[in-house]
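A.B. asks: Here is what each chain is made of, one letter per residue.
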Amino acid sequence: MSDGTATPGPAPKSAYFLSDEDKEVERRTLAVIVDNEPGVLARVVGLFSGRGYNIDSLTVAEVDASQHRSRITIVTQGTAHILEQIEAQLLRIVPVAEVIDITNSKRGIERELALVKVAGTGEKRVEALRIGEIFRAHVIDTTNESFIFEVTGASDKLTQFVDLMRPLGLVEVSRTGVLSIKRGKEKG
Amino acid sequence: MNTKTKAKPAAETADTSTPRMMTGAQIVVEALREQGVSVMFGYPGGAVLPIYDALYGQDAIRHILVRHEQGAGHAAEGYARSTGKCGVALVTSGPGATNMVTPITDAMMDSIPMVVITGQVPTHLIGTDAFQECDTTGITRTCAKHNYLVTDVNQLARTIHEAFYIATNGRPGPVVIDIPKDIQFATGPYVGKAGILKPTYVPQTEPLPEAIKATVDLITKAWRPIFYTGGGVINSGPRASKLLRELQAMTGIPVTSTLMGLGAFPAAHPDWLGMVGMHGSFEANNAMHDCDLMICVGARFDDRVTGRVDAFSPNSKKVHIDIDASSINKIVRVDIPVLADCAQALEAILKELKARKAQLPDLAPWKEEIGAWRARRCFGYKNSSDVIKPQYAVERLYALTKDHDTYITTEVGQHQMWAAQFYHFNEPNRWMTSGGLGTMGYGLPAAVGVQSAHPDALVIDIAGEASIQMMMQELSTAVQHKLPVKVFILNNEWMGMVRQWQELLHGERYSHSYSESLPDFVKLADALGAYGIRCDDPAELDAKILEMVNHPGPVLFDCRVERAENCLPMIPSGSAHNQMILGEITGNEIGEAGRGLV
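Chains A and B, in that order, give the protein sequences.
Under this note's numbering, the first sequence has 161 at position 161, and the numbering climbs by one with no breaks.
Under this note's numbering, the second sequence has 101 at position 101, and the numbering climbs by one with no breaks.
Don't read these hints as lab results, they were simulated from the structure.
These numbers come from a predicted model, not from an experiment.
Worth double-checking, as some hints may not be accurate.
[Unchecked claim] 30 Å max Cα-Cα, derived DSSO-like pairs, lysine-lysine:
{"no.": "1", "chain 1": "B", "residue 1": "198", "chain 2": "A", "residue 2": "187"}
{"no.": "2", "chain 1": "B", "residue 1": "402", "chain 2": "B", "residue 2": "523"}
{"no.": "3", "chain 1": "B", "residue 1": "4", "chain 2": "A", "residue 2": "185"}
{"no.": "4", "chain 1": "B", "residue 1": "402", "chain 2": "B", "residue 2": "389"}
{"no.": "5", "chain 1": "A", "residue 1": "182", "chain 2": "B", "residue 2": "330"}
{"no.": "6", "chain 1": "B", "residue 1": "357", "chain 2": "A", "residue 2": "23"}
{"no.": "7", "chain 1": "A", "residue 1": "182", "chain 2": "B", "residue 2": "198"}
{"no.": "8", "chain 1": "B", "residue 1": "4", "chain 2": "A", "residue 2": "106"}
{"no.": "9", "chain 1": "B", "residue 1": "198", "chain 2": "A", "residue 2": "185"}
[Said to hold, decoys possible] Heads up, incomplete: computed chain B residues facing chain A, CB under 8 Å, no partners named:
{"no.": "10", "residue": "5"}
{"no.": "11", "residue": "166"}
{"no.": "12", "residue": "198"}
{"no.": "13", "residue": "200"}
{"no.": "14", "residue": "325"}
{"no.": "15", "residue": "330"}
{"no.": "16", "residue": "482"}
Beta carbons: idealized from backbone N, C-alpha and C, even for Gly.
All chains should be modelled from the sequences, with the hints used to inform the complete structure.
C.D. replies: This is the structure in structure tokens:
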């Protein structure tokens, strides 16, 4: 508080020009807790397409049947300014209850699951199995000429696993997209 | 903290008494009645017949039958804007719903509270491409604030009450309720509105004390402050306008406003700068550019207001009061965000300012500077005794109607800007215009809505000859329902704003902007059962305006004006606030970057 006397000081700097600093694009994982009502996923996804934001990954499932709450995990990217807008615009959607910024939390954990089908015989088949063990992948189906691996972990680990399988007879990949939660006893 | 949770709602109170059972259609009418709806606008059709049957023979709700569903939507908007209440429209499925898309989007852009009830094909036919079926909730998902498809009659009453809650709380907006025909016939319980809200939607209305303190800190140090106010002040209710005036009186800070905010601050006040933006006043735009403190109250830094964003008010601290967090820091970075209802924020600032008893800076030098800009008389135009200048027409209309209980609506284009420049508003809720979406055809149905709320008022739609043709069938609605609206057409035989931009940007190649084959508006009025007046002589204008005002029924006034007049001053697209065109358009005003803008 001023002392009550008003004298002209130096011109205040506009905050506007500070925004030039945030041209850098960041990746961000957001958990969006919503009322599980018809159309809610379309509202969230439509917001991203309608306003020109990116979705790199999307997962959704009901997590609390009694409260009808679903959890949508979205991996997106943008400048700090865009990311701030994304959060504000998400909260503007009526059935959105909460937006949790996983990336900006030190306690954030992200996991993804992949099913990876590899076909091959002989040396390649043995090598695929060996690498699967290194990645702690489970074999959930096998024939004489193929495996299906179930592998979980951070997204880049899954990508690495898939890349290693490519020369060994990679047939097909199915990935869940990123799931996220925070460490510790607190919710959210 | 990086988890954003919406505020916790108060516990809902459960109604334990035995609910009344009624049909879905009766539930709709009962819920509207309980919500205090006395006027609604609509058009019947197959999928809403049960609701129309429930409306038959009751007199709690007056139903205004329009001529096109879009008219029902704009009428509901006009009603809402002029009363502060929620507008209501009722239309059928398929084309009824798709014709509502424009007014729903319009209401979304301008934050108008509106509940739209659409009929839908029976639930067992949904998804079969049935007759007059469309995916109404899918189509309106991005243009409405919220929408519902009701598939259980037990949820119907609750849903309607929730829709009103959502439409009118926080930043207002349109809510669509799609009701399949079998749900209208089914029997279910009526639930009252008490205690119904949406737990995931509880907007913050109370400002944070730190933000108010920081704002007052800035006010006590600002030598060149300005209030930049918007439609949010009107939406916040008359109390917000009153508090704005009180705060202005205490601080002496000059005030400008967006198109949507006109009337919140009296135009007759010496510290009123006129409208800001592309066709705003020279003094308002220069003051915005050169201020050291900008207090934005319920406005959203729209591109019509900011002009070139990287040259927008370069040396000011900015405070932004808004109820919608997504509006803050969206276009322009602000120093002090104040997430709150306008009235509550203004009240808190007043209280803090009074408590401090601080001596405020002397604004005399700032006002002197503003006075020099004002002296340019930016709205000056060359009048004529041979032809009616559009500016003169609006000036005379203002002079001859200002002492009436007047409400003004407009269409979209040059006439809209001339109305904003030359018709002056001293009270909120008197000015209805399509600002965000810019919907030609808005004005006449909006006037119908306004007149139905204020039967004894003088309601004038200031129109252009092109815009009026988009919704002119609604004159028939006005005749049927004895709503004596006056349509004052500034007829220059051009889509004037399109023509002006073609002059500015496209080397005077006037592609498809001339209004060919215009109807004879006097005969048209006659054919529709209204009264037609034509005037092309400045000397007769006053008498004819008075004739219009004194006529007891709807009037279509064909005011033939100067054809080539441009709407000035103007900030060309891509330019800054201090680069206004004042005099004549040369065709070289807009640079390469600006040509791609709208």
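A.B. asks: Each hint: holds or not?
C.D. replies: Comparing the hints with the structure gives:
Distance check on the hinted pair: residue 198(B) and residue 187(A) sit about 22 Å apart at the alpha-carbon level, within 30 Å; holds. Between the alpha carbons of residue 402(B) and residue 523(B) the distance comes to roughly 29 Å, so the proposed pair stays at or under 30 Å and holds. The straight-line distance between the Cα atoms of residue 4(B) and residue 185(A) is roughly 18 Å, inside the 30 Å bound, and the hint therefore holds. Simply put, residue 402(B) and residue 389(B) have alpha-carbon atoms about 20 Å apart, close enough for the 30 Å limit, and the pair holds.
For the hint pairing residue 182(A) with residue 330(B), the CA-to-CA distance comes to about 29 Å; that is within 30 Å, so the pair holds. Of the supplied pair hints, the one linking residue 357(B) and residue 23(A) is violated, its CA atoms being roughly 43 Å apart against a limit of 30 Å. Of the pairs offered as hints, the one joining residue 182(A) and residue 198(B) holds, with about 27 Å between alpha carbons and a cut-off of 30 Å not exceeded. Between the alpha carbons of residue 4(B) and residue 106(A) the distance comes to roughly 16 Å, so the proposed pair stays at or under 30 Å and holds.
For the hint linking residue 198(B) to residue 185(A), the alpha-carbon distance of about 29 Å falls within 30 Å, and the restraint holds. Contact between residue 5(B) and chain A, as hinted, is supported at the beta carbon level, the nearest pair being about 5 Å apart and thus within 8 Å. Interface restraint check for residue 166(B): the shortest CB-CB distance to chain A comes to about 6 Å, inside 8 Å, so the restraint holds. Because the beta carbon of residue 198(B) sits about 6 Å from the nearest beta carbon in chain A, less than 8 Å, this interface hint is met.
The beta carbon of residue 200(B) is positioned within 8 Å of a beta carbon in chain A (closest approach about 4 Å), and the interface hint is therefore held. A least Cβ separation of about 5 Å between residue 325(B) and chain A falls short of the 8 Å threshold, and the interface hint therefore holds. Nearest Cβ of chain A to the Cβ of residue 330(B): about 6 Å, under the 8 Å cut. The hint holds. Hint status for residue 482(B): violated, given a least beta-carbon distance of 39 Å to chain A, over 8 Å.
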